[in-house]
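Enquirer: Chain by chain, the residues:
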Amino acid sequence: MNGNDSSRQAPEVEASVDYAAAPAGSPIVIDLQDVVKVYDLGGSQVQALKGVTFKVRAGEFVAIMGHSGSGKSTMLNLIGCLDRPTSGRYLLDNIDVSRMSRGALADIRNRKIGFIFQNFNLLQRTSVWENVELPMLYAEIDKHERAARVRHALEVVKIPHKAKMHPNQLSGGEQQRVAIARSLVNKPAIILADEPTGNLDSSTSGEIMEFLQTLNREQRITLVMVTHETDIAAYAERVTVFKDGLILREYRNESS
Amino acid sequence: MSFRHVWIIFKMSLRALARNKVRSFLTMLGIIIGVGAVIAMVSLGQGAQRQVQEEIASMGTNILYVRAGSMRSYGVHTGSGSLNTLTPDDIEAILRECPSVQLATPNASSMAQVVYGNQNWSTRVEGFNEKFPEIRNWPVDKGEFFTETHVKTAARVVVLGKTVADKLFPSGDAIGQMIRIRNLPFRVLGVLSRKGENSWGRDQDDTAIVPYSTIMKKLLGGINYIQQAMISARSPRATYTAEVQVKSLLRQRHRLGSFQEDDFSVRNMGDIAETYEATNRTMTILLGSIAAVSLIVGGIGIMNIMLVAVSERTREIGVRMAIGARPGHVRIQFLTESIVLCILGGLLGISLGVIASYAIANFLMWPTLISSWSIMVSVIFSISIGLFFGYYPAHKAASLDPINALRYE
Numbered sequence: 003m004n005g006n007d008s009s010r011q012a013p014e015v016e017a018s019v020d021y022a023a024a025p026a027g028s029p030i031v032i033d034l035q036d037v038v039k040v041y042d043l044g045g046s047q048v049q050a051l052k053g054v055t056f057k058v059r060a061g062e063f064v065a066i067m068g069h070s071g072s073g074k075s076t077m078l079n080l081i082g083c084l085d086r087p088t089s090g091r092y093l094l095d096n097i098d099v100s101r102m103s104r105g106a107l108a109d110i111r112n113r114k115i116g117f118i119f120q121n122f123n124l125l126q127r128t129s130v131w132e133n134v135e136l137p138m139l140y141a142e143i144d145k146h147e148r149a150a151r152v153r154h155a156l157e158v159v160k161i162p163h164k165a166k167m168h169p170n171q172l173s174g175g176e177q178q179r180v181a182i183a184r185s186l187v188n189k190p191a192i193i194l195a196d197e198p199t200g201n202l203d204s205s206t207s208g209e210i211m212e213f214l215q216t217l218n219r220e221q222r223i224t225l226v227m228v229t230h231e232t233d234i235a236a237y238a239e240r241v242t243v244f245k246d247g248l249i250l251r252e253y254r255n256e257s258s
Numbered sequence: 334m335s336f337r338h339v340w341i342i343f344k345m346s347l348r349a350l351a352r353n354k355v356r357s358f359l360t361m362l363g364i365i366i367g368v369g370a371v372i373a374m375v376s377l378g379q380g381a382q383r384q385v386q387e388e389i390a391s392m393g394t395n396i397l398y399v400r401a402g403s404m405r406s407y408g409v410h411t412g413s414g415s416l417n418t419l420t421p422d423d424i425e426a427i428l429r430e431c432p433s434v435q436l437a438t439p440n441a442s443s444m445a446q447v448v449y450g451n452q453n454w455s456t457r458v459e460g461f462n463e464k465f466p467e468i469r470n471w472p473v474d475k476g477e478f479f480t481e482t483h484v485k486t487a488a489r490v491v492v493l494g495k496t497v498a499d500k501l502f503p504s505g506d507a508i509g510q511m512i513r514i515r516n517l518p519f520r521v522l523g524v525l526s527r528k529g530e531n532s533w534g535r536d537q538d539d540t541a542i543v544p545y546s547t548i549m550k551k552l553l554g555g556i557n558y559i560q561q562a563m564i565s566a567r568s569p570r571a572t573y574t575a576e577v578q579v580k581s582l583l584r585q586r587h588r589l590g591s592f593q594e595d596d597f598s599v600r601n602m603g604d605i606a607e608t609y610e611a612t613n614r615t616m617t618i619l620l621g622s623i624a625a626v627s628l629i630v631g632g633i634g635i636m637n638i639m640l641v642a643v644s645e646r647t648r649e650i651g652v653r654m655a656i657g658a659r660p661g662h663v664r665i666q667f668l669t670e671s672i673v674l675c676i677l678g679g680l681l682g683i684s685l686g687v688i689a690s691y692a693i694a695n696f697l698m699w700p701t702l703i704s705s706w707s708i709m710v711s712v713i714f715s716i717s718i719g720l721f722f723g724y725y726p727a728h729k730a731a732s733l734d735p736i737n738a739l740r741y742e
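As they're listed, the protein sequences go chains A and B.
Numbers given in this note's numbering equal positions in the first sequence, counted from 1, plus 2.
Numbers given in this note's numbering equal positions in the second sequence, counted from 1, plus 333.
No wet-lab data here; the hints were simulated from the structure.
Hints should not be assumed to be uniformly reliable.
[As the list claims (entries may be wrong)] Over the 12 Å line for every Cβ pair with chain B, so calculated as not near, a few chain A residues: (1) Thr55; (2) Thr76; (3) Lys160; (4) Leu172; (5) Val187.
[As the list claims (entries may be wrong)] Incomplete in silico selection of chain A near chain B, CB under 7 Å: (6) Asn79; (7) Leu84; (8) Arg101; (9) Ala108; (10) Arg111; (11) Phe117; (12) Leu125; (13) Arg127; (14) Trp131; (15) Leu139; (16) Asn170; (17) Gly174; (18) Glu176; (19) Ala191; (20) Asn255.
What you are looking at is a predicted structure, and each value in this text was computed from that prediction instead of being measured.
We put the CB at the ideal spot given by N, CA and C, even for glycine.
Bound-form chain A, shown alone:
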């Protein structure tokens, strides 16, 4: 890590701690401590994250912003336990996941994280019901419990009547609702959304964002969302902006 960089970024980073402490009293679910991520690209080393400390409390709705190359995608992969930090520590729900094996990380993703993707990533030629059921199959949840949770999740996302349909029979908004239902069924500690509205038109985008906001407010589900659009980030309570592998600034959205 470069010493000059950290001194230049220091004020904002320190300020972020205050913001992170906002919903006072609730426990910290995401706790990244001085995390560095270095990629080895054919001999030359690229520092994607240069020592980032980032915390999210239970029940928060945080947006991560930044241009491409800012390190936000790397952040998403680390928070989502799809990748491990080169150095630093990551506690997810008080479990240190920074040195876990691929298999153990898969279990963590299964139980602690719900994913929502830009392109929905539903299994094609597989019914809505089966798509939503999938995370529970890997979690070895028994059949009756699975059925009950699928039914409930589809009601939460307001598409219970589409259970037997296949993703290609649904609109983009509906597909994203299915993905949200799928992310909810294992009752994860956090839901991680990667450009959730990137493939949707603006009215559907608004619909999905309001829906995510409602989930966060009414069910106190912790949401971390990566986006490059300011108006989408505006739905979050707190916004963290990345630049060149460091946190540039953090702010709270007063309106939300």
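On the provided structure of chain A, position chain B as indicated by the hints.
Expert: Here is chain B on its own, set in the frame of chain A:
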């Protein structure tokens, strides 16, 4: 991973295969044809083998043929049977003095024209004693066989083979009729049951059996020696002992010194059977291995398609990993898919092989025999092929990095 989990992954694999029914079937086709070919080819070889076995068993594996030996004059061998040292008395002595011998009959034969009314037929007229049906395991179909009295009196009686009976008596009953053999009248006592062709293609039913004494006295000009004798040992296992006893008795009776060659030869059916079986076994192995090559080609086809499936489903693999599938889950899922393909293909291949071997038996009239071991071996083989050729694609799928897999277009 619990059993229930494996079951769930098994169902996932089935669903994945069902999503691509045509491709799954085409992938299986290699295995179907391979297993089918193995089963059909092995059944063909086994069928041929059993036919020879049955034939030899029907002649009796406990049978010994004693032939009069060849004469050697000035270093030139004449054909076997040309010595006149083997006599019916030798056969009497063998029966009397060799404990391992159960039955024996002298045998003399001659080609002759047989005539009934305006029908005539050229056939081999063979002389035996009354024990013939028992030794050859060849019962009379109609009428009866001649008796010891007929043999002792050199009676002009004949028992016809089925082919000869059909030729001389195209319609109507042969029993009790008088036929002429070399212009001598013979009374037909009976007709033998059908025996069919032997494995070297000779029609065994093209024969007429008369008492050996009759053939010696009436058809061969009153000779007192025989060309051959047929001896049955008490059991197939006693054949070798019987052979030793017969040889030693004949050497003694023929007063052969220890440096003199045998003036007779003894062959047993067991030796002949072994030669044929060895030939057939080689054929079966040859046919089976050619078919096995097609099975391996089928396996390579499965590997090919599974590799295509892995790259085609990279994104799906990424999604599954993101939502919690361990690399082991992914590996088992793909491995299960290829094993299921192979087992299903194997089962369909077994049906195809069974149908093919029935078709071969019914339309080409080649004998086939489906053995349970060839089915078992095919099933085990196809599971192994699934494992072997499925492992690499499954491993490739399991080693995918979820981040790259999710980004894969």
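Enquirer: Each of the hints needs a verdict: does it hold here or not?
Expert: Hints and how they fare:
With a least CB separation of 23 Å from chain B, A:Thr55 remains clear of the 12 Å interface cut-off, as annotated. Against chain B, the non-interface label of A:Thr76 is violated: not every CB pair exceeds 12 Å, the least being about 10 Å. Look at A:Lys160: its CB is around 22 Å from the nearest CB on chain B, clear of 12 Å, so calling it non-interface holds up. Once the 12 Å rule is applied to beta carbons, A:Leu172 is consistent with being away from chain B; the minimum gap is 16 Å.
Listed as outside the interface, A:Val187 is inconsistent with that label: its C-beta sits roughly 10 Å from the nearest C-beta of chain B, within the 12 Å cut-off. The closest approach between the C-beta of A:Asn79 and any C-beta of chain B is roughly 5 Å, which is under the 7 Å cut-off, so the hint is satisfied. Residue-level restraint check for A:Leu84 holds (minimum Cβ-Cβ distance to chain B is 5 Å; threshold 7 Å). Violation of the interface hint for A:Arg101 is found here, the shortest Cβ-Cβ separation to chain B being roughly 17 Å, above the 7 Å cut-off.
Taken as an interface hint, A:Ala108 checks out: its beta carbon lies about 4 Å from the nearest beta carbon of chain B, inside 7 Å. At its closest, the beta carbon of A:Arg111 sits 5 Å from a beta carbon of chain B; the interface hint therefore holds under the 7 Å criterion. For A:Phe117, the interface hint holds, the least distance from its beta-carbon to any beta-carbon of chain B being 5 Å, beneath 7 Å. A least Cβ separation of about 6 Å between A:Leu125 and chain B falls short of the 7 Å threshold, and the interface hint therefore holds.
At a threshold of 7 Å, the smallest CB-CB gap from A:Arg127 to chain B is about 5 Å, leaving the interface hint in force. For A:Trp131, the interface hint is violated, the least distance from its beta-carbon to any beta-carbon of chain B being 12 Å, above 7 Å. With a least beta-carbon distance of about 5 Å to chain B, the hint placing A:Leu139 at the interface is held under the 7 Å criterion. The beta carbon of A:Asn170 comes no nearer than 13 Å to any beta carbon in chain B, farther than 7 Å, and the hint placing it at the interface is violated.
Given the 7 Å rule on beta carbons, the hint for A:Gly174 is violated: about 17 Å separates it from the nearest Cβ of chain B. Of the supplied interface hints, the one on A:Glu176 is violated, with its beta-carbon coming no nearer than about 18 Å to a beta-carbon of chain B, more than 7 Å. With its C-beta approaching chain B no nearer than about 13 Å, A:Ala191 sits outside the 7 Å limit, and its interface hint is violated. Proximity of A:Asn255 to chain B is violated relative to the hint, the smallest CB-CB distance being about 28 Å (cut-off 7 Å).
Checked against the numbered hints above, the structure violates hints 2, 5, 8, 14, 16, 17, 18, 19, 20; every other hint is satisfied.
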